[in-house]
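Novice: Chains X and C supply the protein sequences, listed in that same order. Mapping of the first sequence onto the working numbering: residues 15 to 259, in sequence order. Mapping of the second sequence onto the working numbering: residues 6 to 113, in sequence order.
Please keep in mind that the hints were generated in silico from the structure rather than gathered at the bench. Treat the hints with care, as some may be off.
[Unchecked claim] No farther apart than 25 angstroms at their CA atoms in a straight line, the calculated lysine-lysine pairs in the DSS-like style are these:
{"id": "1", "chain 1": "X", "residue 1": "153", "chain 2": "C", "residue 2": "90"}
{"id": "2", "chain 1": "C", "residue 1": "34", "chain 2": "X", "residue 2": "147"}
{"id": "3", "chain 1": "C", "residue 1": "90", "chain 2": "X", "residue 2": "147"}
{"id": "4", "chain 1": "X", "residue 1": "153", "chain 2": "C", "residue 2": "34"}
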Amino acid sequence: MTRLFRSQTFSTPLSELLAGSRAVVPLVVGAIPLGIIFGTLAPSSGLSFAGTLAMSAFVFAGSAQFIVLGLLATKTALPLIVLTTFVVNLRHLLYAISLVPHVRHLPQRWKILIGFWLTDESFAVASVRYNQKDSSPNKHWYYFGAALLMYGNWQLCTLVGLSFGQLLPNAASWRLDFAMSVTFIGMIIPYLITQPMVVTVIVAGIVAVWTHTLAHQLGLLVAVLAGILAGVGTERIQSKRWRNE
Amino acid sequence: MSELFLIGGMALVTFLIRYGLIGMSGRLKLSPSVIQMLCYVPPAVLTALAAPAILMPSGDQLMLSYTNAHLVGAVTAILVSCWTKNLLLTIVLGMLTFLGWQWLLQLI
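Excised from the complex, chain X in its bound form:
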């Protein structure tokens, strides 16, 4: 009875939207220092005021935006920058595949919106909601609420960094980008409830450190693939052992 009640309170678009916005608040807090420091550092890498705002508005990919600032500062050629963006953001392809079963029935305008707003944070929040067992038909509104807040916050923080960042003395030396690592830790730990997940995280972490100096962030892809294979392998071994017992 309580379960039925809960799924009904979540089932209107507005209540899903509000619940999604609420769920993403901690991740928004983690993104605030990142957005501000991006806006602060962008001009010194050669981006214009309008260009910095446009990058946050149209690319909307935090870690890629940071890596590109580094590439711009070292005068990297444009095709190479776009290639690096591709590699760094390739993980979103995996997020997109995970969302396929949940969004295939939606109209195309929703799919465009969900695709454009796909980030580590909105995916993390939405996948928790999609994996809950209730059959609410409005779970995409939950995603909408989470993604809208992430997007609005990113634009606002970029603007704040651009406008007031110069007031911070040596902003770069504060290493506020650590907010990304600590946010990711908070998202990773809840996964670590099964042995295969633990193996995935350990293998992905070790391989990522090991291959970190490879060009164009290729080490990231290698580490992700190694982590996934290790997790699936562990799961296979476990299920074989159970069958033999």
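Since the structure of chain X is provided, determine the placement of chain C on it from the hints.
Specialist: Using the frame of chain X, we list chain C on its own:
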């Protein structure tokens, strides 16, 4: 002008990666083994992004020492997350520990 191409190129590449499969999801069928693999994507990706940032803050050298404020902040965040399961507390305490430790190291 080159800024237009830069942002346009980045935006196009990023959007195609994110939207491509979602856009044609109506015609896409996934096998059970693919779906099984997908469960491991988020933790693998997040770890692969965070681990080098924490353990190699200078970008090229492993730094396993208390003088690495990233590592001290990360260990704090892991402990807070395991104990409290509270995401906001994990982020805020991890960040404050990192900033405080960095400040202490500068005093030494």
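Novice: Are the hints correct? Go through all of them and say.
Specialist: Structure-based check of all given hints:
1. X/153 <-> C/90: holds, 24 angstroms
2. C/34 <-> X/147: holds, 22 angstroms
3. C/90 <-> X/147: holds, 21 angstroms
4. X/153 <-> C/34: Measuring from Cα to Cα gives roughly 21 angstroms; hence the hint holds.
In summary, the structure agrees with every hint in the numbered list given earlier.
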